Each structure stands twice: as C-alpha cells, then as structure tokens.
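Next come the chains, spelled out residue by residue.
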Amino acid sequence: MASAPSSTSRVHLPDTARDLVKILVTGPFGVGKTTLIDSVSEIRPLHTEEHLTEASAQVDDLDGVRDKVTTTVAVDFGRISLPDGIVLYLFGTPGQERFRPLWDDIAYGALGALVLVDSRRVDASFDVLGLVEESGLPYAVAFNAFPDAPRHYTQDQLRAALDLDPGTPMVTCDAREANSSLDALLALVQHLIDRQNTATAPESV
Amino acid sequence: MTARPGGRPLVPAYLATGGTARHPRLRLERLSLLLRSDKPVPDGLTPAQLALLDELADGTLTVVEAAALLRLPVSAIRVLAAELVDRDLLVTRAPIPPAERFAPDLLKRVADGLRALKH
Numbered sequence: 001m002a003s004a005p006s007s008t009s010r011v012h013l014p015d016t017a018r019d020l021v022k023i024l025v026t027g028p029f030g031v032g033k034t035t036l037i038d039s040v041s042e043i044r045p046l047h048t049e050e051h052l053t054e055a056s057a058q059v060d061d062l063d064g065v066r067d068k069v070t071t072t073v074a075v076d077f078g079r080i081s082l083p084d085g086i087v088l089y090l091f092g093t094p095g096q097e098r099f100r101p102l103w104d105d106i107a108y109g110a111l112g113a114l115v116l117v118d119s120r121r122v123d124a125s126f127d128v129l130g131l132v133e134e135s136g137l138p139y140a141v142a143f144n145a146f147p148d149a150p151r152h153y154t155q156d157q158l159r160a161a162l163d164l165d166p167g168t169p170m171v172t173c174d175a176r177e178a179n180s181s182l183d184a185l186l187a188l189v190q191h192l193i194d195r196q197n198t199a200t201a202p203e204s205v
Numbered sequence: 206m207t208a209r210p211g212g213r214p215l216v217p218a219y220l221a222t223g224g225t226a227r228h229p230r231l232r233l234e235r236l237s238l239l240l241r242s243d244k245p246v247p248d249g250l251t252p253a254q255l256a257l258l259d260e261l262a263d264g265t266l267t268v269v270e271a272a273a274l275l276r277l278p279v280s281a282i283r284v285l286a287a288e289l290v291d292r293d294l295l296v297t298r299a300p301i302p303p304a305e306r307f308a309p310d311l312l313k314r315v316a317d318g319l320r321a322l323k324h
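These protein sequence lines are chains A and B, in that order. Read left to right, the first sequence gives residues 1 to 205 (the working numbering). Read left to right, the second sequence gives residues 206 to 324 (the working numbering).
All the given hints hold, so there is nothing to weed out.
With a cut-off of at most 16 angstroms between alpha-carbon atoms, the simulated EDC-like pairs for lysine to aspartate or glutamate come out as follows:
hint : chain 1 : residue 1 : chain 2 : residue 2
1    : B       : 323       : A       : 42
2    : B       : 244       : B       : 293
3    : B       : 313       : A       : 19
Keep in mind that the hints were calculated from the coordinates and are not lab data. These numbers come from a predicted model, not from an experiment.
Please take these sequences and the hints and turn them into a complete structure.
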C-alpha cells in the first residue's frame, strides 16, 4: 500500500459534488477523533497546520512586554461522498478553550458536532462540552469504547457526570469500526432532524 | 500580468501572500470550492500562486484540501485564491448553492446517505 504522498488525484472532488456540508468531530487529545474520521473517510485523512497566537503562560515579565507564542496544531479532516451530490466533511477539532478562534472558524456553517468522550477520563471532556455549548452548535455525545474502559457505569451515571441535557443523544461507539462510527454520526444527524422538526412544527397554543 | 525584467518574482516565496492577512472583499470558507478558469496562466505569478493553480489543473478542490495538499495555512490559501479570483484565473463557489442552503430535506438526505454506507 505504499503510495506517493503527492498522489493527489483521489483528493479532487467528483464533478457531481454540489452540497458540501460538515460535522465537527471533537473531544480531548487522544480520544480517537482521527480514528473515527479514518474509519469512514473515502480519502486518507488530510490535515492542515493551524497557527494560533496566544498569550504565553506566566513567565518572567520584567520589562512589561507581554510575550506571545505561536502554537501549531494539526487539524485532521476526512470526507464522505453521499448520493445526490452531497459531500460530508468531518473535521477533527480540538476542543480546548484556548483553541476557540480556530473552533469558531471551523464551526462556521457546520451542521453540528459529535463529541467523543473517553469514559476512563470523563473530566477531560468538560472543557470541550463547555465550548460546544457556548458555540451554540447542536451536538451528540459518543463514548469511544476503549478496551480497558470501565463498563460498570450506567447511562444515567454518565449523563449525570457530563451534566447532559435529557434531549442530547448519547451513544457508545468503537471509533475503529466504520459501522459503529456511522451509527454515532447518524445519532447526531437524527438529532438535528428532530430539532428541525420541532423548530418548524406549528406552535400549539 | 506581465513579467518583470529578469522574470524574478516580486516577492520571495516565503511571503506567499505578500504579507496580506485578509482579502478586503472575498471571504472564503474552508469548504468554498476552487475551480480553475479557462484563462491561460500569465507570467509574473508567484510560486505559491502557480502551485495553487497547478493543484487545480486536475480538478476542483476546497480551500481546506488545497491547504493540506500545498502544506500552507488555510489563511494563506484564502488570500492566494482571492488574488487569483481577482485576476480571473480562479472561480469560487460557496459550499452549498444559496438556493439549497436551507433545503429542509438536506439533513434527511445526509442521514439516508450515511445509512446506505453501512454494511
């Protein structure tokens, strides 16, 4: 399977591509964002290098000049061509607060977000969920099933731990498996459809 | 449009965007489509501009795909592409045609498409 990195022919879009939509796949580092994208993408996931300027951590600041440091973060993305001219892009987006400008840029026009959670370290996802909620993007939560993940938590316990709204879908997935990743994405898209139906339903007085 | 005497680029490659951070008018999204126009490539383009046109010779790409293939920041592609649009060398299209943007069945079509991929 050795292929030249410059083989770009497969990356060009099919002529039928008409509606390009995107979903953010987010979560803390190491939660399996790229794994999930890779499991369903028709192209090998690509990445862009994003440069962020941020105030540096507390350092000696003797002359009053506020240091800025530039952080580089790689954003992976993949793509699924669906029938009917739809191309769905999946952006693996870091969800830490310090990446907010990047988040806002990627989230612009997105359908919604799939938040991946590692049940071995649920607290690592608090930051991400805060950012998603503040951005107003509709989302679903998927627990990535790591082999050594504790299995004795009930759905209610996990919901309570994440302080999830009862209407927010929560599923378990294996990000390595295409079918499982598709199910997680479907849980999100169904949630978006339900929201749309609720929003357009005639108001009952 | 015309080559300068000696043919040396006006700006070095490391200033791919000529130091411009934003294009004044054209705001490209990550998923904006970039298409090569029929206009022949003139002399005097920068290496970065030529590289982008080169990638698009084989077909359509989104801004973010062009950035990944050329290993340039998305912000640089936005500026490069906008410059080339100004010179009629590129055509861009929004990710979703305006008429389809709020099509109520779009989400359903996405769901149906994802379901069809399961095996």
